[in-house]
Amino acid sequence: MRYDSLLDSLGQTPLVGLPRLSPSWAGEGGAPPVRLWAKLEDRNPTGSVKDRPAVYMIEAAEKDGRLTPGCTILEPTSGNTGIALAMAAKLRGYRIVCVMPENTSAERTQLLEMWGATIIYSPAAGGSNEAVRVAKGLAEEHTDWVMLYQYGNEANARSHYETTGPELLADLPSITHFVAGLGTTGTLMGVGRYLREHVPGVGIVAAEPRYGELVYGLRNVDEGFVPELYDPDVLTTRFSVSSADALRRTRELLAEEGIFAGVSTGCALHAAIGVGSKALKAGEAADVAFIVADGGWKYLSTGAYSGTLDEAEDALEGQLWA
Amino acid sequence: MAIEVRIPTILRNLTDGEKAVQGKGATLGELFTDLEARHPGLSDRLVEGPGLRRFVNVYLNDEDVRFLGGLDTPVTDGDTVTVLPAVAGGAG
Chain A
1 MRYDSLLDSL
11 GQTPLVGLPR
21 LSPSWAGEGG
31 APPVRLWAKL
41 EDRNPTGSVK
51 DRPAVYMIEA
61 AEKDGRLTPG
71 CTILEPTSGN
81 TGIALAMAAK
91 LRGYRIVCVM
101 PENTSAERTQ
111 LLEMWGATII
121 YSPAAGGSNE
131 AVRVAKGLAE
141 EHTDWVMLYQ
151 YGNEANARSH
161 YETTGPELLA
171 DLPSITHFVA
181 GLGTTGTLMG
191 VGRYLREHVP
201 GVGIVAAEPR
211 YGELVYGLRN
221 VDEGFVPELY
231 DPDVLTTRFS
241 VSSADALRRT
251 RELLAEEGIF
261 AGVSTGCALH
271 AAIGVGSKAL
281 KAGEAADVAF
291 IVADGGWKYL
301 STGAYSGTLD
311 EAEDALEGQL
321 WA
Chain B
1001 MAIEVRIPTI
1011 LRNLTDGEKA
1021 VQGKGATLGE
1031 LFTDLEARHP
1041 GLSDRLVEGP
1051 GLRRFVNVYL
1061 NDEDVRFLGG
1071 LDTPVTDGDT
1081 VTVLPAVAGG
1091 AG
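Sequences listed follow chains A and B, in order. Position 31 of the first sequence, counting from 1, maps to 31 under the numbering used here, and the rest follow consecutively. If you count the second sequence from 1, you need to add 1000 to reach the numbering used here.
Source of the hints: derived by calculation from the structure; they are not laboratory data. For each residue, glycine too, the CB sits at the ideal point set by N, CA and C. A portion of the hints provided could be inaccurate.
Which chain A residues stay away from chain B? Per the calculated CB distances, all over 10 Å, these [said to hold, decoys possible]: (1) Y121; (2) G224; (3) S301.
Now the in silico label distances, taken between C-beta atoms and shown as ranges [to be verified]: (4) A:T68 to B:K1019: 34 to 40 Å; (5) A:R92 to B:T1009: 40 to 46 Å; (6) B:R1006 to A:G283: 32 to 38 Å; (7) A:I120 to B:T1009: 46 to 52 Å; (8) A:P32 to B:P1040: 47 to 53 Å; (9) B:A1002 to A:R66: 22 to 28 Å; (10) A:I120 to B:G1078: 36 to 42 Å.
Just chain A, with the same shape it has in the complex (with noise of 0.2 Å):
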């Protein structure tokens, strides 16, 4: 396939199976065929499924005016949408800072210093709340920066509602459901919203990562965070899933299917399998799609891939891995 340039290649990602992962790949026994299929979003210009709505957001943003030649953006990020914005700020010439959590992979500083992006820091403590608290107030600090502001741009939303929904709905028309990974939401309220429209009884099945307690080092329960973008109406089910299940389903998805991914990936499938296991305990057929939200490259210094799963546990714990 032939593109004018790396932005124009974004999307048309594969959307995979996998026969030996599935519940009932081929309805073995009698059973109703229950399906996982798997949408490679590391296929993306810089490998995840973030260059989607960092794109449209920097075009969001050059549309309405807020975004000029020259200019500065800020974004909070644990890495992807950083990368993501960085590869188009560089290409369109803007200057990028990120506001990054101490506690993310090695990798992910040297990605961003790779494409231009500036690095601020944000301590450990409350992991990406904290990121999205000294953004802001930097954003106070220099009026003149632009904040696209993932968690709340409705053009994050916006780029899974009008790219990938529509490539999901036609490789898969039996879909059934739909799980991605809970950040910024954009993917799930995008993609749900689009599937719920076109799709009567989809499921949109959230998959929560939960950390260890240090990423949950808020002093009180009323300094939360909720993303403006997320409404709960989109959602059918909500997991929340350990870091041991994932990791567990990310060496899966490896040794079963052949597919390297991100822990972030081994949430999702933890919930789609899930829901699939379910589906085929009700008598019913499903085929169940989720997200690979990044290849595993980025995570290789985390230990994630190496030695026992409880050592792989105890070099994750405190960071952040999705």
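Dock chain B against the given chain A, drawing on the hints supplied.
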């Protein structure tokens, strides 16, 4: 047997530092009322009016109770309830 309720760090001042406490009840709301008797103040940190507090997430066997039945969600012995504060997460 009883229902195990996992308590986040920021609420353990109400459970004498315990990471998990046990309770009983037919619904989540009854379970919280039962816990309140032994851990005064806990219920107020979880519940506001007819529902859960905005920044509190409660999971029954890893499933968010807001999508099950909220405080009316049936619970049974052997279930695990996990309380977590809402945080910004994900591959952002």
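For this structure, which hints from the list above don't hold up?
-> 2, 4, 7, 9 and 10
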